[in-house]
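Position chain B against the provided structure of chain A, taking the given hints into account.
Chains as they are written, first to last, in this note's numbering: chain A, 1 to 352; chain B, 353 to 704.
No lab work stands behind these hints: they were computed from the structure.
Not one of these hints is a red herring.
Using C-beta positions, here's what the derived DEER-type ranges look like:
#1 B:Ala644 - A:Ser272: 49 to 55 Å
#2 B:Pro507 - A:Ala55: 40 to 46 Å
#3 A:Ser272 - B:Ala470: 42 to 48 Å
For glycine and all other residues, C-beta sits at the position ideal for the given N, C-alpha and C.
Number of protein chains: 2
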Amino acid sequence: MTRSLRLLVRAIAPIVAVWLLSAGIASAEALASWNDGPARRAIEGFVAAVTTPGADFVPPAERIAVFDNDGTLWVEQPIYTEVAFSLARAAQMAKADPSLMAKPAFRAAASGDPKQIAALSEEALLHLVVATHSNVTTEDFAAAAKAWLAKAQHPRFHRRYETAVYQPMLELISYLREHDFNVFIVSGGDADFMRAYADRAYGVPADQVIGTSSKTRFEKRGGRWVLVRTPEMAIDDKAEKPPNIGLHIGQRPIFAAGNSDGDLQMLQYATSGPGRRLGLIVHHDDAQREYAYDRASKIGTLDKALDEAAGAGWTVVSMKGDWKTVFPPAAAVRRQTAPPESTARPTGRPRN
Amino acid sequence: MTRSLRLLVRAIAPIVAVWLLSAGIASAEALASWNDGPARRAIEGFVAAVTTPGADFVPPAERIAVFDNDGTLWVEQPIYTEVAFSLARAAQMAKADPSLMAKPAFRAAASGDPKQIAALSEEALLHLVVATHSNVTTEDFAAAAKAWLAKAQHPRFHRRYETAVYQPMLELISYLREHDFNVFIVSGGDADFMRAYADRAYGVPADQVIGTSSKTRFEKRGGRWVLVRTPEMAIDDKAEKPPNIGLHIGQRPIFAAGNSDGDLQMLQYATSGPGRRLGLIVHHDDAQREYAYDRASKIGTLDKALDEAAGAGWTVVSMKGDWKTVFPPAAAVRRQTAPPESTARPTGRPRN
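Next up, chain A with everything else stripped away, as it sits in the complex (with noise of 0.2 Å):
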C-alpha cells in the first residue's frame, strides 16, 4: 500500500462504519412490523441459512422469491381490486357506446348500483372482465388501469387500493432483497393490469410480475405497430402457477408466500426442491383491522393449503398475531405514490 492510498483510506474509514453501522441498524430494524413470533423468527433463520457459507448457502442467483398478490402483498375484499376495475370501466365503455347498454352486465356496472352489481352472476362478472380487457392495446390499457389506479379508493379503508398493500410484506419483500433475493409476482390477477402499479408500490419491474394474460395480437393500427389484446386468456392460477414459473423465471424458486388454494401448487414447487426452503400462508383472521376468512370464502378460499401446511413445514402467518401493523403509515404512502406517475423505485432493485 502506498502512503497516500494508506492516508486516503485513514480518511475514509468514519465514513465506512458509519455506512456499515447504518447498515446493521437498517437490517435489524427491516421486519419492523412483525411481532417477536415464530412467523418472524421462520422467515430471519431461513434467510441465515441460505446466505451464510455452511451447508444450507445458497449462491444470490438461485435466491428465488414468489408472492402471490391478490389477499398476499394487498387486499383482496370485499372483490378483487381488477374486478372493481372491471366495473368502473364497463360503465365507461357503456357511456361511450350506449348500444353496450343492451347486456345486462353493462346496465349493472353503469348503474353503480350495489344491488344490482352484487346480483351479477359469476359468469357475468367474467364476461365483463374479458370485455374491458380486450380489444385494446397494451399500451391502451395499461394507460386505463393506471389513470383509474390513480383515483379510485377502496370502499372500506378509503385509500387508494395500491397504498391498501401490507406493510409487513412490503419489509419481507425489502428484507429479502437486502440478502440478495430477486422477488418475483405470481398471480392470478392480469399482468399487465398489475404491472401498472407494481413497480411503484412493491418496486417489482414489470418483467418480474407474471400473471393472468390476454393473447395479443400483433398488427398495424395508425401506422404503428401494436399488440392488441384478445379476449383469449391464459390463467395464472392453481396448478398453472408452477408451469409459469418455469416459462418466466426458469429456475424453482426456493421461497413462496401465498394466501389460498390458488397458491397451493406454487407452495408445493417451491419447497419441494432440496436444500432449505420456505413456504408461507397469510392467514386472514384479523376482522378488525382487515379481513377475517379462509375455507368458506369465495374470494381467497383457504382450505387445502391450510390442511397441507403443518405437514409440509410451511409457516402459517396470522395477520392478527403476527403483525403489528397492517397497512403502510399515511406519510409512508405519500411519499411512496407522490407524484403517482414517478418512475422511482421505492423498494426496487438496482436496474442492471
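This is chain B only, laid out in the frame that chain A set:
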C-alpha cells in the same frame, strides 16, 4: 456542511476523481471491437440521445433492449447449435434405449455419420428436437444441456459453442448495461436450452431469456413436485416475438438487434414506438472470419428485413466492415468460462 464533513469530502475527492476518470476510459473503450463507422456511430448516438436530459431522454426503467440469439449473439452455421445438441442427445438416448433405433432419425443421429445426418428431412430433424426436448423434467433437461455445452465444440472454430459468441455484441451488451439498459434475449431457440449458458456467456439471467418453450406438466415424481416438458411447444419466432415480449417484458423495447427475417416483427415493434429508437441487423458478409449468407440461406434467412431496413432506418452491421474481431480472445474465454459451472456474472447486472 460541518467542518468534519468538509474535511472528509476533501479527503475523498481525489479517489472520486480517479474513479470518474477510469469510468470514462472504460466507456470510451466499451465498443473497442467496433470500427469507427456508421454502425458504431449509430449506436453511440442513440445511447447518448436517450441517456442525456432533453427531448429524447428515456428513464432507465424504460431502457429495454432485446437481442435475438442465433446468428446475432453466437454462430448459427453450419447448423443451429440446438440441432447439434439434439443430435447428440438422440444418439445418447438411442444408446440407453435401443428400441429407438427403429426410427430412421435416431439411427442417423446415432451413426454420427455427417452424410446420413445431412440427408435427414426437416420433418425428421424437428421430430428429433421434440423427442429430445420432451418427457423430461425441466431440471434434468437443464443438466443435460449444461453437460453437453461443457464439452461440445463448434466443428470449424474448435471452441466450445458458448465461446463462439461475437465479441462486438458482448461489448454492445456491456455498453448498454453501463447506460442502465435492461437486456433481454428474445430468440427462436428453446428458452431452457439458452438458460443453460446465457448467464455465463452473456450475463443474462434465466428470467431475462425468452424463447421457444415447451408446455410443462406439474406432477409428482419420486416424491417431489416437478415440471415435466411435454411435446407441445410455443414457438418464439417472427410474428410471435412481439406478443412474447409483451407477455414476458410488459413494455415496448427501445432497442432491438437481430440478423434474420425471424427478427423482422421484433424490429418493427421496437422501432415503431414514439421517441428515439434503434434497430440493428447483423449482416453475415464475412466468409473468411465467419460465414457469408443472407437471402438464399435456409438458416438465418435475411431477405424481407434487409429490404425494409433502409426505409425503417435500421442500422445494418457489416460483420466484415464494422467488426475488428469476431470472437473473444482466447484469454477472455478462459476467464469467462472457468470454472464452467461458476455462477459468476462476467458481464451481468448485479442482482437486486
